[in-house]
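Student: Heads up: the sequence lines are chains A and B, in that order.
For the first sequence, the numbering used here assigns the number 1 to the initial residue and increments by one for each residue that follows.
For the second sequence, the numbering used here assigns the number 1 to the initial residue and increments by one for each residue that follows.
Quick caveat, the hints were computed from the structure, so don't treat them as lab data.
Here the structure is a predicted model, which means the values were calculated and not measured.
We treat Cβ as the ideally placed atom computed from N, Cα and C, and that holds for glycine.
Each hint should be verified, as a subset may be incorrect.
[To be verified] Pulled a few chain B residues facing chain A out of the computed Cβ check, cut under 10 angstroms:
1. Arg111
2. Ile159
3. Asn161
4. Leu162
5. Ser164
6. Tyr181
7. Pro186
8. Arg190
9. His214
10. Thr280
11. Pro281
12. Gly306
13. Ala309
14. Ala313
15. Ile316
16. Ala356
[To be verified] Over the 10 angstroms line for every Cβ pair with chain A, so calculated as not near, a few chain B residues:
17. Thr30
18. Trp41
19. Thr49
20. Leu60
21. Glu75
22. Tyr133
23. Thr175
24. Trp176
25. Leu177
26. Gly180
27. Asp184
28. Ala212
29. Asn264
30. Leu278
31. Tyr289
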Amino acid sequence: MSDKKPERRDFLFTASYAVGAVGVAAVVWPLVDQMNPDASVKALASTEVDVSSLKPGNTITVLWRGKPVFIRRRTQKEIAEARSVKMEDLIHPEKDEDRAKNPEWLVMLGVCTHLGCVPLNDKGDYDGWFCPCHGSHYDTSGRIRKGPAPWNMEVPKYEFVNANTIKIG
Amino acid sequence: MSDHEYTPKSRAGKWFNDRLPLLTLANHLTDYPTPKNLNYWWTFGGILTFCLITQIVTGLTLAMHYIAHADMAFESVEHIMRDVNYGWLIRYIHANGASMFFLAVYIHIFRSLFYGSYKSPREIIWIIGIIIYLLMMAAAFMGYVLPWGQMSFWGATVITNLFSAIPFVGEGIVTWLWGGYSVDNPTLTRFFTLHYLIPFLILGLVVLHIWALHVPGNNNPVGIDIKKPSKDTVPFHPYIVIKDGFALLMFMIVFAFFVFYAPNILGHADNYIEANPLVTPAHIVPEWYLLPFYAILRSVPDKLLGVVAMLSAILILAVLPWLDTSKIRSAVFRPLYKQFYWILVADVLILGYMGAMPAEGLYLLIARVATAYYFLHFLVILPVLGLKERTIPLPLSITEPVLGGSPNMAMAKKKESKLE
Chain A
1 MSDKKPERRD
11 FLFTASYAVG
21 AVGVAAVVWP
31 LVDQMNPDAS
41 VKALASTEVD
51 VSSLKPGNTI
61 TVLWRGKPVF
71 IRRRTQKEIA
81 EARSVKMEDL
91 IHPEKDEDRA
101 KNPEWLVMLG
111 VCTHLGCVPL
121 NDKGDYDGWF
131 CPCHGSHYDT
141 SGRIRKGPAP
151 WNMEVPKYEF
161 VNANTIKIG
Chain B
1 MSDHEYTPKS
11 RAGKWFNDRL
21 PLLTLANHLT
31 DYPTPKNLNY
41 WWTFGGILTF
51 CLITQIVTGL
61 TLAMHYIAHA
71 DMAFESVEHI
81 MRDVNYGWLI
91 RYIHANGASM
101 FFLAVYIHIF
111 RSLFYGSYKS
121 PREIIWIIGI
131 IIYLLMMAAA
141 FMGYVLPWGQ
151 MSFWGATVIT
161 NLFSAIPFVG
171 EGIVTWLWGG
181 YSVDNPTLTR
191 FFTLHYLIPF
201 LILGLVVLHI
211 WALHVPGNNN
221 PVGIDIKKPS
231 KDTVPFHPYI
241 VIKDGFALLM
251 FMIVFAFFVF
261 YAPNILGHAD
271 NYIEANPLVT
281 PAHIVPEWYL
291 LPFYAILRSV
301 PDKLLGVVAM
311 LSAILILAVL
321 PWLDTSKIRS
331 AVFRPLYKQF
341 YWILVADVLI
351 LGYMGAMPAE
361 GLYLLIARVA
371 TAYYFLHFLV
381 ILPVLGLKER
391 TIPLPLSITE
401 PVLGGSPNMA
411 MAKKKESKLE
């Protein structure tokens, strides 16, 4: 077989397999892609929150895309604490100035970057958040300081529509 | 397969069998020569078949009343418990049946480890078994999500987030699994679909598992090859059928105890609170049968490596036939292996206990040592032991130790040759 010259039939076999493979891939893709977020899920992209009732030191949790978002009005002490941390002490170095454009307001996904639990407020060794599932400690800027989580809690895209309303997404 | 030809007695039977040899198959299963020294640890194959059928039957009936929707799932389960005729019974059998299934499968796996049933020529039976075990874990996990309680929701969140540890594509895979940006209704409906599908995949694999078993025949407590059929074997029916049946009855007593007297003892109270994406329960724990692997996951301080360690702990079993270098199957004739076997059993039980405890302080330390030992057992102890261990001489047949055997090897051999 191996020392035989390729003939027309071999070409036909190869061409048929190739066309068959393309056909199978074309059929499989819709079956795989149907599991991705659908149009109605994607449509729920933004949500507006009234934060006028928050006093310094208060946190509210709102639901955005099925996930909790922490909105915290930080105290001066917390801001000072978050801004005084040296970058080399951080597991995932990010400046607090970049995470909270308006230092009084910290807005972030309340989802532990380890395995997705919701961390608890005002707990842990760094006065910020503590995840009860596997023991990750976050500081007053929501940055990971200790434990198995690899990253800081994510800051979503958000903006102040007016002085009292935050639009997330 | 059957070593002899079979012809049905009746003309109709012959006519049918010539066209579809089902009667030949039935005859093979009835006459199937089985080692006569099988002990009660060998009855768990039959018990597991019973468990699978129980789960399928109760699952089908539950699916007639359950509604796979995030807004209605929790209530529909309560509806089954309160309104549906015997709904409480069917659900408790199904929920506790999962635990009984795992109890039986762990005994079945550890029996195989003790008597070396995974060794040549039974590697394929073993590997099919490991695939069945993996599918069982997937089915159990997805089934636990369906009542849409707090443990359902957060268990699903934590387990699906394991995939986010994969570099680069992890987040995309998790979104794809969820069908959204968090565990939500699309996740629930697909889990229901897969939970319905997997038992039938398992059923198909069980057929292959038994088919592969019937090629070399059963291993046995002595672990030596036997000639079949011979004086070392008995036909499957009635000898093994009645023994399996008796063991099954004993097992059903335990099963019934849980269903009727402690139906919620193996579950978590948190799962009777409806899923709430804003609050994580203080202490998330998987079901007891997944705890050893959960302990391994948590004992590694790195996210990706933790997931890798947990998966390796299961997949390492698939290559066990090649990690164990000893040609002697049964631990009865391996004095050192026998001790390491019991240390491994203790190690897995310790891991299970640590998995249920918070991951901190002494618990974490013990879990780390136990994790290291688990891998040490398979990767170092087993390969080295097979080469170094001084084993006890094997008997010539499984009848020899029963009859006291002859100390005179030549005589025993002569007896053997007469039997042939």
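Student: So, for every hint listed, does it hold in this structure?
Tutor: Against the structure, the hints:
1. Arg111: Interface hint status for Arg111 of chain B: violated (34 angstroms vs cutoff 10 angstroms).
2. Ile159: Holds - the Cβ of Ile159 of chain B comes within 10 angstroms of chain A, reaching about 8 angstroms at its closest.
3. Asn161: Hint holds; Asn161 of chain B Cβ to chain A Cβ min 4 angstroms, cut 10 angstroms.
4. Leu162: 7 angstroms, holds
5. Ser164: 8 angstroms, holds
6. Tyr181: 4 angstroms, holds
7. Pro186: 7 angstroms, holds
8. Arg190: Cβ of Arg190 of chain B sits 7 angstroms from chain A, so the hint holds.
9. His214: 35 angstroms, violated
10. Thr280: Cβ of Thr280 of chain B sits 4 angstroms from chain A, so the hint holds.
11. Pro281: 8 angstroms, holds
12. Gly306: Holds: closest Cβ of chain A sits about 7 angstroms from Gly306 of chain B, inside 10 angstroms.
13. Ala309: Status violated, d = 12 angstroms.
14. Ala313: 17 angstroms, violated
15. Ile316: With a closest approach of 23 angstroms, the Ile316 of chain B hint is violated.
16. Ala356: 14 angstroms, violated
17. Thr30: With a cut-off of 10 angstroms, Thr30 of chain B remains clear of chain A, as the shortest Cβ separation is near 43 angstroms.
18. Trp41: 37 angstroms, holds
19. Thr49: The claim holds: Thr49 of chain B sits with its nearest Cβ about 32 angstroms from chain A, beyond 10 angstroms.
20. Leu60: Non-interface label stands for Leu60 of chain B: nearest chain A Cβ at 25 angstroms, farther than 10 angstroms.
21. Glu75: About 20 angstroms separates Glu75 of chain B from the closest Cβ of chain A, which puts it past 10 angstroms; holds.
22. Tyr133: Holds, since 23 angstroms exceeds 10 angstroms.
23. Thr175: Label violated. Min Cβ-Cβ 6 angstroms, cutoff 10 angstroms.
24. Trp176: Trp176 of chain B is in fact no farther than 10 angstroms from some Cβ atom of chain A, at 5 angstroms.
25. Leu177: Since the minimum Cβ distance to chain A is about 7 angstroms, Leu177 of chain B lies within 10 angstroms and the statement is violated.
26. Gly180: 5 angstroms, violated
27. Asp184: Not fine: 5 angstroms to the nearest Cβ puts Asp184 of chain B too close to chain A.
28. Ala212: 29 angstroms, holds
29. Asn264: 23 angstroms, holds
30. Leu278: Leu278 of chain B not clear of chain A: closest Cβ-Cβ about 5 angstroms, inside 10 angstroms.
31. Tyr289: 19 angstroms, holds
Figure legend: structure checked against the earlier numbered hints; hints not met, in rising order: 1, 9, 13, 14, 15, 16, 23, 24, 25, 26, 27, 30.
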